[in-house]
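Participant: Could you put together the complete structure from these sequences and hints?
For the sequence shown, my numbering begins at 2 and goes up steadily by one.
The set of hints was computed from the structure by calculation and includes no laboratory data. Quick caveat: nothing in here was measured; it's all calculated off a predicted structure. Check before you lean on any hint, since a few could be wrong.
Said to hold, decoys possible - The list that follows gives simulated cross-link-like pairs (lysine to any residue, SDA-like), each with its CA atoms no further than 20 Å apart:
#1 Lys-95 <-> Asn-119
#2 Lys-7 <-> Glu-24
#3 Lys-28 <-> Arg-94
#4 Lys-7 <-> Thr-21
Stated by the list, open to error - Pairwise CB distance ranges (calculated):
#5 Lys-7 <-> Thr-169: 57 to 65 Å
#6 Lys-13 <-> Asn-174: 49 to 57 Å
#7 Lys-14 <-> Lys-177: 49 to 57 Å
#8 Ala-6 <-> Asn-173: 49 to 57 Å
#9 Lys-13 <-> Arg-94: 30 to 38 Å
#10 Asp-3 <-> Lys-121: 45 to 53 Å
#11 Gly-112 <-> Leu-33: 36 to 44 Å
#12 Arg-96 <-> Lys-7: 28 to 36 Å
#13 Ile-5 <-> Phe-175: 44 to 52 Å
Every residue, glycine too, gets a C-beta built ideally from N, C-alpha and C.
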Amino acid sequence: MDDIAKQLNISKKTIYEYFTDKEDLVKHVLMLEHETRCSRLGEIEGCRYNAIEELFEVYKMINLTVKEYNPSMEYDIRKYYPDLFMKIREIRRKRMFESSYNNMTKGKKEGLYRKELNAKIIAKLHVFRTENLLDNDMFTLEEISSFKMFHELFVYHLQGILSHEGRTFFENNFDKFKSTLS
2 MDDIAKQLNI SKKTIYEYFT DKEDLVKHVL MLEHETRCSR LGEIEGCRYN AIEELFEVYK
62 MINLTVKEYN PSMEYDIRKY YPDLFMKIRE IRRKRMFESS YNNMTKGKKE GLYRKELNAK
122 IIAKLHVFRT ENLLDNDMFT LEEISSFKMF HELFVYHLQG ILSHEGRTFF ENNFDKFKST
182 LS
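Facilitator: Okay, here's the thing in structure tokens:
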């Protein structure tokens, strides 16, 4: 708290006017970060994108988030605030699952995703893969946030869920999608 007060050029007493303790401060920061991401997801889902375009925008957002990811921060939260870590992870999981499930339901209705795909299972697999991508030492952070990784993850996921119509749309538009990355 001393370091935070010093960085903000305020007293510790001022910090304690707003937060009961350090854990409360950490919780508020993490929830603000989560709410910011959820707000961005809501904006994407509120646009008039079809399911493939929407998924592409979500992948772009995730890629930007990964570029800003600080593994030591997550390690510290897991170590010093395990209950908070588990609670935040559950909240994130639930939102990721809902977003993925809704996208697949939308894609099936639009005829872009396979009618027979089990959206619940695929959404869970998608959440699992996304979470575990960062939680291993197989890839560096630079590799994970690279365009090559983005491309392969996006294509890999889509190839498993696209219908014939969806595959045609994807193949006709992927160059347009790629041009929006920077």
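Participant: Now tell me, hint by hint, if it's right for this structure.
Facilitator: Here is what the structure says about each hint:
Restraint check: the Cα-Cα separation between Lys-95 and Asn-119 comes to about 18 Å, which is no more than 20 Å; the hinted pair holds. Only pairs whose Cα atoms come within 20 Å are accepted, and Lys-7 paired with Glu-24 is accepted, the gap being roughly 18 Å. Between Lys-28 and Arg-94 the alpha-carbon distance is near 17 Å, which keeps this suggested pair within the 20 Å criterion. Of the supplied pair hints, the one linking Lys-7 and Thr-21 holds, its CA atoms being roughly 18 Å apart against a limit of 20 Å.
About 58 Å separates the C-beta atoms of Lys-7 and Thr-169, a value consistent with the hinted range of 57 to 65 Å. A C-beta distance of roughly 54 Å is found between Lys-13 and Asn-174, which places it inside the suggested range of 49 to 57 Å. For the pair Lys-14 and Lys-177, the supplied restraint of 49 to 57 Å holds, since their beta-carbon distance comes to about 55 Å. Look at Ala-6 against Asn-173: about 56 Å separates their beta carbons, and that is inside 49 to 57 Å.
Evaluation of the 30 to 38 Å hint for Lys-13 and Arg-94 yields a pass: the beta carbon distance comes to about 34 Å. Taking 45 to 53 Å as the suggested C-beta distance range, the pair Asp-3 and Lys-121 conforms, at roughly 48 Å. Taking the beta carbon of each, Gly-112 and Leu-33 are about 39 Å apart, inside 36 to 44 Å as hinted. Between Arg-96 and Lys-7 the C-beta distance comes to about 34 Å, which sits within the given range of 28 to 36 Å.
The hint said 44 to 52 Å for the Cβ distance between Ile-5 and Phe-175, and at roughly 45 Å that hint holds.
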